[in-house]
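Chemist: Using the hints, position chain B against chain A.
Letter by letter, the chains look like this.
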Amino acid sequence: MIEMRDVAFGYRGGGDLLHDISLSLPRGSFHFLTGPSGSGKTTFLRLCIADLLPTAGKLVAFGQDVAGLGRDAIASLRRRVGVVQQDAQFLDHLPVAENIALPMVLSGEPVDMQAIRDLLAWVQMTGHARALPPALSGGERQRAALARAVILSPDLILADEPTGNLDWDMSMRLLQLLVELNRSGKTVLVATHDLNLIRAAKQQVSARVLRIAGGRLQSAGAEL
Amino acid sequence: MSADHIPNDEIPNGDAKDARAPDPAPATAPRQRQARTDLRALDLRTLGRALIGRQAGIADRIVPPSGATARLTMFTAGVMAFLAVFALALALATGRLADRWAEGLAQTLTIRVSAPAAELDAQTAAVMAALATIPGVEAARELPADEVGALLEPWFGPDVPVDALPIPRLIEVRQSAGFDAQALRLRLAGEAPGAVLDDHTEWRRPLIGAAARLRILGWLSLGLIAAASAAMLTLAAQAALAANGQVIRVMRLIGARDLTIATAFVRRFTRRAAGGAAVGTLAGMAAIAALPDMQAAGGFLTGLGFAGWGWLWPLLVPVIGAALGFAATRAAALRMLRGLR
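For the record, the sequence lines run as chains A and B.
Per the working numbering, numbering of the first sequence is gapless, rising by one per residue and ending at 524.
Per the working numbering, numbering of the second sequence is gapless, rising by one per residue and ending at 375.
Please keep in mind that the hints were generated in silico from the structure rather than gathered at the bench.
The beta carbon of each residue, even a glycine, is placed where N, CA and C say it ideally should be.
There could be a bad hint or two in this list.
[What the hints assert, rightly or not] Among chain B residues calculated to face chain A with C-beta under 7 Å, some are:
1) Asp197
2) Val281
3) Ile288
4) Ala290
5) Arg375
With the rest of the complex left out, here is chain A:
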């Protein structure tokens, strides 16, 4: 699904933030990506959706080398990936239900109201369908973002510090949703520095833990 071979990336004016990254995200796997703040977790996820391009190496997403993708192809790639960010972003003037429906609209598919209702129920937000995003709490925003991320049934779910602003109970609730997605066959990659979250997840699902340290990717399973 995602293949990285000796990938490196550095922002303009700086050295390589990531280098020698080789990784394969097989279908149906569950990965955690951890590391200290500023280690490059978010950058790693942005590389996966071609929001950034590797400065060296090769990154293949869904069988396509991202370096050769045009803008429309990148848009298509992103419709195959569900992304949940720490600061979940919405169109604040549209109700939650319409925000969740946006990927459907963009893909040209008919809006499936039943799917939206089911998703809202799944993330326990039926009562917030008409609410505007600014009225949501942090946990509600994250769950709504997750609902939007999976509306098109993407093959890959990327979550960047999804529990960063949430209390423990809400974090567990969100983790449960991610685990359910993985059990239904989705590939899940969660970037987090919350080791307790990872430990809790490992009790529910077979997850591989990766750590970014010194710009390199290491397996961190033994520490957990």
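Modeler: Same frame as chain A, now just chain B:
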């Protein structure tokens, strides 16, 4: 249901209880993902839909409403259209004026016979005889004394004693196809040396030149109005795009194509430009129609405005306004989006 609009009454309300469970099947069941492309290309079809499309849908609603900006854009487009209608009226009127002067004066010429009193009748008769044999002369007549007196009246007042003054005889000639002014001059030089042919060229040329320049000025004004409108719309679109950076980022994040995002802005600005221009055009046409009676206003203003089918020309202004809004916003949107991944 349409693919790009969720009616408000279909949004689940808050009374329903949250479902217990997590069978994400409806959401996560594999869906046949067709390689259906987002066909909101920014072409003439989109322009048409932007103007007359009934359902805006989410493609339009992704851009937050912006009341003050919308009103200002429409107001400016309306003012520009109002001015454009006047510039168009000026261009068309001066064109007609130039044509009328050119045609009217080119069809007639005057022969002035100046000679000692004893020879005046003979030379006038010689001129008339020559005119009778020159091809291309449709009619020729000697102006009678009362008409000559009328011509002199503005300078000498009424009751001019024409007979007592050494006034040359005037012969008005109406020409038709095949008339050769040079041949007539040569005949007159031999048969009536006191006769001078005036084909009005000397004073017709500057008049036509002035009218032509006015016409150019009118069209230039139209061009400047169009350019100013395009600049204004570009600025407004850029401001809207800059103010909606989050919207654009979110849309790109969830897989929106550039054209989809740009279309939302293009559609909105095209409609604003078209709507404002339509109102401005109607106001301009009404103002033109309400101008004072042209005959009473004096010779220069004769014909300022639109005539007959010419009233259809201003109706192009809103269409051109929409096209300008379309092109300016499209360029601004695509330029900005190219800066994002």
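Chemist: May I ask which of the numbered hints given earlier this structure violates, with the numbers listed in increasing order?
Modeler: 1
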